[in-house]
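Visitor: The residues making up each chain are set out below.
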Amino acid sequence: MAKINYVTLDNKKITLEGNSGSLMKLAKDNGVKGIDGECGGVCSCATCHVHVNPEHMDKAGEASEFEKDLLELNDHSNEYSRLCCQIQISDDLDGIELKVAERD
Amino acid sequence: MKKSTFQDPFEVIRTEKGHTEMNDQDDPVTMILRHKDVRKTAHNWKTFQSGAEPGRIVVPSEVNIRDIRQIPFEVDPPQHKDYRSIVEPWFKRPREPEYQNKLKSIIDNLIDETISKGEVEVVHDFSLPLQSRALTVLLNTPFEEAETWISWGTHVFRSEDDPLDGSKANILYDYLDKKIAEAKENPVEDLYSVLLNSEFEGRKLTEEEVKGVMVLTFAGGRDTVINMVTNTIAYLADYRESIERLRNEPEIIETAIEELIRYFTPLTQMGRVVTHDSRVCGHNAKKDTRVSLCWASANRDATVFENPNEIILDRKINPHVGFGFGVHNCLGATHARTIMKILLEILVNKVQSMEILDCIENIENLDSIKRKVGFQKLKVRFSKR
Numbered sequence: 001m002a003k004i005n006y007v008t009l010d011n012k013k014i015t016l017e018g019n020s021g022s023l024m025k026l027a028k029d030n031g032v033k034g035i036d037g038e039c040g041g042v043c044s045c046a047t048c049h050v051h052v053n054p055e056h057m058d059k060a061g062e063a064s065e066f067e068k069d070l071l072e073l074n075d076h077s078n079e080y081s082r083l084c085c086q087i088q089i090s091d092d093l094d095g096i097e098l099k100v101a102e103r104d
Numbered sequence: 001m002k003k004s005t006f007q008d009p010f011e012v013i014r015t016e017k018g019h020t021e022m023n024d025q026d027d028p029v030t031m032i033l034r035h036k037d038v039r040k041t042a043h044n045w046k047t048f049q050s051g052a053e054p055g056r057i058v059v060p061s062e063v064n065i066r067d068i069r070q071i072p073f074e075v076d077p078p079q080h081k082d083y084r085s086i087v088e089p090w091f092k093r094p095r096e097p098e099y100q101n102k103l104k105s106i107i108d109n110l111i112d113e114t115i116s117k118g119e120v121e122v123v124h125d126f127s128l129p130l131q132s133r134a135l136t137v138l139l140n141t142p143f144e145e146a147e148t149w150i151s152w153g154t155h156v157f158r159s160e161d162d163p164l165d166g167s168k169a170n171i172l173y174d175y176l177d178k179k180i181a182e183a184k185e186n187p188v189e190d191l192y193s194v195l196l197n198s199e200f201e202g203r204k205l206t207e208e209e210v211k212g213v214m215v216l217t218f219a220g221g222r223d224t225v226i227n228m229v230t231n232t233i234a235y236l237a238d239y240r241e242s243i244e245r246l247r248n249e250p251e252i253i254e255t256a257i258e259e260l261i262r263y264f265t266p267l268t269q270m271g272r273v274v275t276h277d278s279r280v281c282g283h284n285a286k287k288d289t290r291v292s293l294c295w296a297s298a299n300r301d302a303t304v305f306e307n308p309n310e311i312i313l314d315r316k317i318n319p320h321v322g323f324g325f326g327v328h329n330c331l332g333a334t335h336a337r338t339i340m341k342i343l344l345e346i347l348v349n350k351v352q353s354m355e356i357l358d359c360i361e362n363i364e365n366l367d368s369i370k371r372k373v374g375f376q377k378l379k380v381r382f383s384k385r
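Same order as they appear, the protein sequences are chains A and B.
At position 100 of the first sequence the residue is numbered 100 (our numbering), and the sequence of numbers has no breaks.
At position 119 of the second sequence the residue is numbered 119 (our numbering), and the sequence of numbers has no breaks.
Don't read these hints as lab results, they were simulated from the structure.
Yeah, the Cβ is synthetic: ideal placement off N, Cα and C, and Gly gets one too.
It is possible that some hints are incorrect.
[To be verified] In silico SDA-like links for lysine to any residue, alpha-carbon gap of 25 Å or less:
(1) 92/B with 30/A
(2) 46/B with 78/A
(3) 17/B with 63/B
(4) 2/B with 310/B
(5) 99/A with 89/B
[Said to hold, decoys possible] Some chain B residues well away from chain A (every beta-carbon gap over 12 Å; in silico):
(6) 15
(7) 188
(8) 282
(9) 289
(10) 318
(11) 355
[What the hints assert, rightly or not] Partial list, derived from the structure: chain B residues whose beta carbon lies under 7 Å from chain A:
(12) 43
(13) 46
(14) 252
(15) 254
(16) 255
(17) 258
(18) 313
(19) 319
(20) 320
So that you can see chain A by itself, here it is in the shape it has in the complex (with noise of 0.2 Å):
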């Protein structure tokens, strides 16, 4: 069991708990605010773009080549950019902070 934090763009903390799945498929199944996940996690939308805490960085581990490369073209990415779609909910999770992004 992980505990996640999102903050919505209105700065509203959410915290959430789940086993698995991604942190897209448990946002969006408690509705968190801007995270949308319109193409079901397949890399293609970017709808469940965050910010992750610069401190949880590790956690979240690094994005693949695909992610990368639609991250690269939104105006609202940064080094801290996430598509929560490619990011498998495990125990490593606890305690991380995601900031949902603006949307281009």
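Dock chain B against chain A, hints included.
Guide: Just chain B now, with coordinates in the frame of chain A:
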């Protein structure tokens, strides 16, 4: 070759050159074919604009049959964002359970009716009514309106023998004028009324702008949805084991939808007008010429998709551009995905198998290239589960 096989006509030219010329009513288009270039060009709205003369970014160009600007489609940032934020919440309604229940009932009834008939011509007697009836939910207008739209046929701007039929477009425009006037007189909870009451830059939307949004809504989601639904039926008929798989593994349905959208890419391309001399993939794009973002080609790019010409229902990484890319990504995507999800869920549970009895392919003429985009007719036998 199976009927649901849609070959990639761009493979050689995409690999060797990356772009190709298409003549279109003396306003030629350079089609951009590689995934990376298509996304980069779509992202660069400053150099490759949408806010050109109305109709010019569409291929084939609609300049000669349309003066009205489609909104937010033919507007560039920053105004684009203001228009888009007006319509966005309305077009996200398909996420709501109430909306989905209405769609479920429409699709469920249509499938029951189809099964009881046994043999059906899918394009006109399944996909067209499905698209039209679903559109009443998107617009939140009475269900009966669908009958009028069904009578218009499968494309809003095209008739069987003329890809750009001006008289056909006028039917839609006259209809919209009437509906906008009605909503002005007597506002209700439909899209027309909501738009008439919306504000842009501190003023109400004009009737012309409302019409611009409505034309986009009618035109953008017409033959695209019809082809997507028809082609999906053809695929499931050809691969009956996939029906069983989707029934047994409903968790892959969303991934399967993205894959079907990638493979069939119902909108082949969308144009842009070049604002200043630049280069794309070695092509000198001159100011005021047209380029197009060829979604269909990008979606078969082997540098991105492994086995691009195969439908892999559980393809996990699928950065397709079937709904476009960048600020102008498809406004109706949520509606389209929801239709597809409900369609697949109900179909695989009610139908055991389908058999293609007869078909006529719908081939798009892209000058030197021909692309199969769907079917003009697809006769199918549905067998009940």
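Visitor: Now tell me, hint by hint, if it's right for this structure.
Guide: Verification of the hints:
Our distance criterion of 25 Å between C-alpha atoms is met by residue 92/B and residue 30/A, whose separation comes to about 17 Å. Proximity of residue 46/B to residue 78/A is assessed by CA-CA distance (about 21 Å); at most 25 Å being required, the pair is judged to hold. For a cut-off of 25 Å, the pair hint linking residue 17/B to residue 63/B is broken: about 29 Å separates their Cα positions. Between the alpha carbons of residue 2/B and residue 310/B the distance comes to roughly 12 Å, so the proposed pair stays at or under 25 Å and holds.
Of the pairs offered as hints, the one joining residue 99/A and residue 89/B holds, with about 22 Å between alpha carbons and a cut-off of 25 Å not exceeded. With 12 Å as the threshold on Cβ separation, the claim that residue 15/B sits away from chain A holds: the shortest Cβ distance comes to roughly 19 Å. Annotated as non-interface, residue 188/B keeps its C-beta farther than 12 Å from every C-beta of chain A; the closest such distance is 28 Å. Listed as outside the interface, residue 282/B is consistent with that label: its C-beta sits roughly 20 Å from the nearest C-beta of chain A, beyond the 12 Å cut-off.
The claim that residue 289/B is not at the interface with chain A holds, since no C-beta of that chain comes within 12 Å of its own (minimum 23 Å). Against the 12 Å criterion, residue 318/B falls within the reach of chain A, whose nearest CB is about 4 Å from its own CB. Every CB of chain A is more than 12 Å from the CB of residue 355/B (nearest about 30 Å), matching its label as outside the interface. Contact between residue 43/B and chain A, as hinted, is supported at the beta carbon level, the nearest pair being about 4 Å apart and thus within 7 Å.
The beta carbon of residue 46/B is not positioned within 7 Å of any beta carbon in chain A (closest approach about 12 Å), and the interface hint is therefore violated. A least Cβ separation of about 10 Å between residue 252/B and chain A goes past the 7 Å threshold, and the interface hint is therefore violated. Checking residue 254/B against chain A: minimum C-beta separation of about 3 Å stays under 7 Å; hint holds. The beta carbon of residue 255/B comes within 6 Å of a beta carbon in chain A, closer than 7 Å, and the hint placing it at the interface holds.
A hinted interface residue such as residue 258/B counts as satisfied when its beta carbon comes closer than 7 Å to some beta carbon of chain A; here the least separation is about 5 Å, so the hint holds. The closest approach between the C-beta of residue 313/B and any C-beta of chain A is roughly 12 Å, which is over the 7 Å cut-off, so the hint fails. Residue-level restraint check for residue 319/B holds (minimum Cβ-Cβ distance to chain A is 5 Å; threshold 7 Å). At a threshold of 7 Å, the smallest CB-CB gap from residue 320/B to chain A is about 5 Å, leaving the interface hint in force.
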